[in-house]
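**Q** Here is what each chain is made of, one letter per residue.
There are 2 protein chains.
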Amino acid sequence: MTLLIKSTLSHKENDKPIGIFDSGVGGLTVAKQVFRLLPHEKVIYFGDTGRYPYGPRSQQIVAKFSFQNTNFLLKEKVKFIVVACNTASAVALPQLQKHYQIPMIGVIDPGAKAAIGTTKNRRVGVIGTVGTISSDAYRKAIQKLSSGIKVFSLPCPLFVSLAEEGYIDKKATRLIAEDYLSPLIKKDVDTLVLGCTHYPLLKKVLSQVMGEDVRLIDSAEETAKEVRIFLEVNKLLRESKGKAYHKFYVSDVPDKFMQVGRRFLKNRIGKVRRIDINRY
Amino acid sequence: MTLLIKSTLSHKENDKPIGIFDSGVGGLTVAKQVFRLLPHEKVIYFGDTGRYPYGPRSQQIVAKFSFQNTNFLLKEKVKFIVVACNTASAVALPQLQKHYQIPMIGVIDPGAKAAIGTTKNRRVGVIGTVGTISSDAYRKAIQKLSSGIKVFSLPCPLFVSLAEEGYIDKKATRLIAEDYLSPLIKKDVDTLVLGCTHYPLLKKVLSQVMGEDVRLIDSAEETAKEVRIFLEVNKLLRESKGKAYHKFYVSDVPDKFMQVGRRFLKNRIGKVRRIDINRY
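Chains as they are written, first to last, in this note's numbering: chain L, 68 to 347; chain A, 68 to 347.
Okay, chain L solo, but in the shape it has when bound:
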């Protein structure tokens, strides 16, 4: 018993898993990129399916949920936390970073950087949930790095349900996209940040509606790149090149997460466990 504890204690910091949390399945787009870019890293993913969506909720409650999610991941002894939810990144990440020692990143800064690197006419559109857009987090992040860029933001709340219900290639989705996006088209943006992890599922229709000259920015890949850079610079990459586990936890029963999750990961999800997140 003593030996076992000793061996647990002597585990190196870099052998610990990366923690990722999201309001539900959407963050799997980020997880997918992390799996791809960091195939030897252990990952613990928590999807708050018992309380999703975060998009329409208040800042206070999203912050409260985010603290609980972080506490859960810390108890699982992660070395680094990715807030894979745009709404939580936008309204809660600064508070989380102030409160916890562990390094954390969200999806806003990577998306903002990518937009800055992409726009030529310096006019950027941002779409997201009501929570993300009203926080103004993308505009602030973009203009902090490059103050001359004009940012036009719009909430598109129906996109989340359309993506989850598989309404990807339907005429109704196109009509709703035309409704939502026409103010951005008028503003002549050449870059559009998909500020919600669900939106990349609607990429095709969004691209058709915006026109082929408008570049779409998907924060997921940018975020995974930042994770790799951070771990590398801080010598936190896992040394073992063996197969690493991916563990999934949710706050409602796992069935729907597994089913919708396949649409996001494009393959099966292994075992998914339910936890009582209100204990954290």
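No lab work stands behind these hints: they were computed from the structure.
Note that the list lumps identical chains together, so a pair holds whenever it fits in one copy or between two copies.
In silico DSSO-like links for lysine-lysine, alpha-carbon gap of 30 Å or less: (1) Lys323 - Lys165; (2) Lys323 - Lys338; (3) Lys314 - Lys131; (4) Lys254 - Lys323; (5) Lys165 - Lys211; (6) Lys253 - Lys237; (7) Lys310 - Lys99; (8) Lys131 - Lys144; (9) Lys338 - Lys314; (10) Lys271 - Lys180; (11) Lys131 - Lys323; (12) Lys99 - Lys323; (13) Lys254 - Lys238.
These numbers come from a predicted model, not from an experiment.
Following the hints, complete the assembly by docking chain A onto the known chain L.
**A** Only chain A this time, still in chain L's reference frame:
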């Protein structure tokens, strides 16, 4: 102090408020009918806006939330509880009724009765959330009372977001309704139960898609009638004919509830207070 306690204790049972809970704003369609049919009754409404929607969640978690909501209303000393959410009525009401002494009704039985009283060709359609439809509660309730009626049920998950986002009169909503409802049209139903408190907001388009011969059943009014009958039979109607309060509680900040609630009540909502529902 002693006098005050004595006076509180001597309050008659029938002077107590009616408690209503729902996953969010949808139950206001029921509250509205209760206000109309029972203008002298005090009402306490709880909308679980911090954890809505219930429709896509599992039976276990909807039951857990419903027990907490009931505990809150009991602490507010209500005399009767209306479960104004179709999903909670479908998956949790039998458990609640087993567990608590207080009389409770849901929206399923009143809707089922109305459907039986309306159908001529004995073919009834039921639409609702995934939770309500997979519980099969409407079919069971209808066939328990009238076994010869054929019931065809369909989940229509996107209708909730469309109603909440004010997508009432749009072509996209019509296209989605046509997609969803075509199997029911083929089944030649002459009565359609709107098995979700949000759906009455889409009545116009639903009626256009189903055709004018199909009668739409809105459980809200039927439920309010049952509440009145129950209170009358059990001598629980409030005796005072003075103005009665309507108190509103929610589990997220009140802003969005007040704003969307106006669409449901067609007038302003007074003070709305936030509570921490996880304490109950």
